[in-house]
Structures are given as C-alpha cells and as structure tokens.
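These protein sequence lines are chains B and F, in that order. Heads up, the final residue of the first sequence is numbered 436 in this note's numbering, and it's a clean run with no missing numbers. Heads up, the final residue of the second sequence is numbered 274 in this note's numbering, and it's a clean run with no missing numbers.
Incorrect hints may appear among the rest.
Interface residues of chain B toward chain F, partial, derived using beta-carbon atoms under 10 Å [stated by the list, open to error]:
(1) Ala15
(2) Trp259
(3) Trp290
These aren't lab readings, by the way, just hints derived from the structure by calculation. Beta carbons are placed, not taken as given, at the ideal position from N, Cα and C, and that holds for glycine.
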Amino acid sequence: MSLSAKLGYVFIAPALVLVAVFFLTPVLLTGIFSFTNMSTATGITGGAYQITPSLLRDLSDQGFEKATLDSIGSESYQIAKATLQIAREAGSEPSLLAELEEEHLGQNFTSRREFERFLKKLQNRPRSTRELKSTSPHFRKSLINERFETEKDLKAALTELQTKLTPDQINKLSQAAYTGWVWTTDNFYKMTILPETKQILFNTIIYVTFTLLLFNVGFALFLAIATFYLPKGQAGIFRALWLLPRISPSVLYVVLWKWLTWDTGFLNAILNPLGVAQRNWMLDTTLNAWVFVVLINGFIGASMGMILFSSAITAIPKPLLYASEVDGANRWQQIRFIILPQLKWPILFVTVYQCLSLLTSFEQILLSTDGGPGSTTEVWALAAYHNALDNYWGNLQYGYGAALALVLVVIGVIMSFIFLRFFRFQELVRQPRIEQ
Amino acid sequence: MSQNFKNWPILTALVLATVPIVLMYSYLVLDTITNTEPGGILPSSFTLEHWRFLYEDIEGKANIWQVTLNTLVFASSVMLLVLSVSSTAGYALSRLNIPFRREFLAGVLILHAFPSITLIIAIFLILQLIGLYNTLIGVIIVMTSLQLPLGIWIMKGFYDSVPWEIEMAGLQDGASRFTVWYRLVLPQVRPGIIALGVFSFLSGWGEYILPTVLAPANNVQVLSGYLASLIADDRNFEFNLFKSVGLFYATPVVIMYLFFQDKLMNIYGGGTKG
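In isolation and in its complexed conformation, chain B is listed as follows (with noise of 0.2 Å):
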C-alpha cells in the first residue's frame, strides 16, 4: 500500500464512521422502523408478556371462547408459600399466618368474599373488618395485568389454569399478550386508507408550490435583478436585510413573527384604530394560517435564490448590456431578453433543490402554527415528526413516523440521484465558491 493511500485511510476514517452511524444507518433503520409497530407503549428493545384486560375484551370481540377468556380473567386466593410471603412482608398479623401455612396450605377461594368468610372463623381470625380487608389482597392470585419476562413463563401460568387450554389457544393467547414491537405492514396500510394522509398530501403540495413560485424562486429572482440595478452600497443594504431571516435562530425569527401577527401584536395595534376588530392573524382562518407559513418560509428562502441569482448576473458581461441599451433595449427587456436566460440553470438548480428542502422541511411550521388551526397546515413532515416524537396523546407511534418519513427519505434519496446525474454539482454550483 501506498504511503498517500495509508495517509488517506486515516484522513477518511473519522468521517467515514460517522456518516455510516449517523447518517446511512438511519436512513436504513427508517426503512426497518417503518415495518414494525413500535410505540411508546411496545418500547424499543423488545417486551413483555402481559394480560390485560381490554386484551381480553379485544379477544372476546375476536371471537375467543369466552368461558376460557372468564377463566384467564378470573381471580383467586390461593394459600400458598408464595402469597404467604408477600403477606408476611407486607405485615400481616404473624399468628394469623402461622395458623394458615400450618393448616390451610394449599387451599383455593375462587372470590374475596369467600376467602374472607373463611378467614372470619379461623383461630387468629383478624380482630377489625378493616385488618381484614387489608389482609386479604396479599393472598389474591390472578394472570390479568402481571408481568411474565418470557413466553414460557406466560404459558406456564396458562397452563396452571383450572380451565384446560389448547396448545392452540395458548400459542394465540401469548401472541396476543406481548408487549413489544413485532414486524408488520400496517403503517403502510393504515397510511392509505386514513383520511389524514390526503390532508396533510394536499397540505405539503399547497406548501411546496406556493412557497416555491412565490418566494424561493419568484421573489429572488425579484431581489437579484433589483439589487443588480441599484448602486452597490444600495444593494448591499438590501442583500444583507434579506439574509437577516437566514441567519437568525430559527425559534427567534418566528417569535418575530408571532409579536406581528399576535392578538395584541403589532398588525392588531396598527389595524385597530382603523377599525379592524382584535384577532390572532396567524391562526385566525386558514387561509391566513397559510398566508403566513408561506412568509415565515419564503422570506428564509428567498435568500438562497437570490445569492445564486445574484452571482449569475454578476457574470453577464457587461458589454451586452450596454450594447442593449444603446439598440434601445427597456429595462423589461433586458430583463427578459438577456438576464432571465442565462439564469436558466441556476432557476432550474434553485428550484429542484428548494423542493426537495421544503418538502422535508417542518421547523418553521412547528414553531408557529403546528400544523393549526386544526390540522389545515400540517405537512408530510411535520405529521411524521408528530407522530413519532410529539404527539397529544403521549403514545409516541415510531413505526407509524417512521412510515410517513420513509416516503420522504425515498423521495429525497430519488431526487439526490437525479441532482448527481443531471445537474453535475461540479460544475453548476460546486466549483470553489468561496474565493479568498
């Protein structure tokens, strides 16, 4: 091996590491997350065997025999070492136990009423009704809500049952009564057929298009040209407010946008003596909720548009302009005869590249309306990063969010191919941009 190769091995390894860890690992576990049902309440690392009883309840509508399911779910008192025990450790009176382990081991009660009609004629029967209510319990035996490590666990409890199961019934009992995550297609089908998934699909659509058309391309396309024309100093000014959206942390640029819009925000103080009635501009109507998505995002992108575009005209030798102007060219005209044609490939650059981060792209959304009022502006995106990591309900649904992301990973891993294909970053837009 070559010294520049050894060298070269180790320069690449660090980086090669945690692109592979954090970057392509992730991109294929959320292809796997997205066939389990992994939850909050199935945990991440596998489970537990537990009967609970709307399991039960969900067997029975299943159509499982419900004598067996009233035998699973049924209680019992049991004298035995085990309960005694937990009776002893939990301070029950010694000499009434004594009496129990010597005499009664083993004896079963099928209900509280008469395990304690029992215990009220022993020797060291327990002096209070309430002594004896608080006895009791330890002794109770029953399969509902315990926690069994393992399925031979599980179907050693079933087993002991009085009620004799199948092999059959037991297999299907334990399936049913694991805790975590099993492998499934669901996400995908519940994706199709809930009516959410049209919402936020049209949601993401009036998203993309608008912000696209209106700001990222149309707008600095606007904010190039304009700035090109005025003198340097002028446009500098411009060009530097126009970053301002860019740079400053996100969470503040839209709380900006909050005192704006909000109830006693700056559009109401203005609005009011006017005798505009007091509402919250953002989340007033959906159309307004929309209106100010599209601003929130498209004054952050316009800026990218705009510095590419910027850079274009900047390299339009001069003389053709001139000599336009003296051929009598407007300023529309030159516009639209010698600017807009060479910007053709950084619009089409601009365009695709925008549509792939907006697509993916839900931080400014989540900051100011949520996906509000309702869920009218909730995108693609957005629902996955509620599904998985935020939602009302608690029960974080990572199989389900990782299902909504994986469309946009796909997406996203399509669109990069064809960016290398048939936008060679090399030459468009990748050359040594930062020149001394």
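Please build the complex by placing chain F on the supplied structure of chain B, with the hints as guidance.
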C-alpha cells in the same frame, strides 16, 4: 448598474417589500429596553426590567448562564469536530490516492443533497439504544455527522484550488505527506476553514429540532429550547421578555455575521436549509 434607467421604481418596490423585516428586527431591539402601552405602536417608557432574566432565574426555567454555556459547548464542539473531520476527509478525497475515491465523492454529493431532517426519528431511536439520549455528546455527534457531507464537499473544493506545485516542492524537500498537508496545504485553505467554521458554529447555535428531540432534559438545554419553552409557557406571556432573551441569543450570530458576511454568503448560496 445602468445609468440609462431610473432607480426609484426599483428602490420603492424593494423598500416596500423589506418593510416587514425592518419592522420586525428594529422592534426586536427597541422592545427589549422599552415598554409600550397596550394597543400602542410606539414605546412609551424606557426600562431594563426585560433583561432581568440575566440575573434571576425565570420560574420553572433553567439558569440562563448554564443554558448559554451548554449552547456554547454544543456549537463550538460541532464546529471543531466538523472542521477537523472535514479538513482531513476533504484532503483525502481531493489529493490522496485512495481506492473508491470516486464512489466516496458521489456518496458525499448525494448525502449533501439529502434532507437529513427526515432521519430524526431513526436517530432518536439509535441514541436511545446506544444510551446517548439526553446527553450533549449525543446531539453533538449527530449534528456533526449531518453537517459532514457539506463540510467535506466545501473543504474538497478548497483543496482542489491549491496548486500541486506547493505539495510537489514539499515532497521534493523530503517532507512526509502529513507534514505537507499540515504545514503547506492547510494554511492555503484558511479561508475555507474560516467559512466552514463560522457556518457550522452558527448552525449549531441556531439549531432547534435536534437538541429538542434528542436532549430535552433541563440540564442539557440549549438557548433555542430555552426560548421555545419560554414561549410555550402560558404563565408568563411577555413578548418583551422573549425578545430580550432572543436578542441575547442572536447577538453572537449577528456579530459573527457582520465579520464574516462575504464568506458566509457563499455557503448560504449553496443552500443548506429551506
């Protein structure tokens, strides 16, 4: 640029379009030191009370200096890591004769365009599995990894523009490849290192989603999360306070921006977020 056309229509249009930005940012500064009557437009009195968060903790919130320290540690670690990893990897991809160089380059390019935020769910679960959830180290490593494709690409571009003769001369004189890189080439790409350093520092400083999702605990909170939790808290809804915290938060950004504006313009032009 042209003398033949009038400037004022363009200027008017630009000024009108820029009004919201000017308004928002001038009131950002103004409101931190004044009070305004409810419903009023102009401030009515001068006050410094909105800055009280600097010397007394806001109820139920972490200490601002602790949070600032976290943010500083977070942003500078990301910067240092991104710089050291990208400047070596970029050099390897630009100059060293390693196998699969083309494939590495293509990979870096694809990842650069790839929207990394879609991976947040999987990353969240990975950090939980390897036990780095709710630690600053975890967020630092993740943030660094996601910035690497851009960083490597930028550094590679800079190395490409360094003349080969410099390295040839160094090697002729008997220096090792490493010495040549460290002593001769690295000083040549200083502008790139500065630009990338400032850029990754600012990205770390402003990042909201990664720290919020991957390290939500109070003791590892960063300024973005602090400000967001302040706004989310209904008990004290006070825009002037938010703005003071916000201005405190944004001041380092603005200062760095003023110093490194030209260099940053180019990276932001390359497009890194919506």
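Would you check whether Trp290/B satisfies its interface hint, that is, whether its CB is within less than 10 Å of any CB in chain F? For Trp290/B, the interface hint is violated, since the closest Cβ of chain F sits about 16 Å away, which is over 10 Å.
Interface hint compliance - Ala15/B to chain F, C-beta minimum distance less than 10 Å: Holds, about 4 Å.
Interface restraint verdict for Trp259/B against chain F (beta-carbon cut-off 10 Å): 5 Å, holds
Of the numbered hints listed earlier, the single one contradicted by the structure is hint 3.
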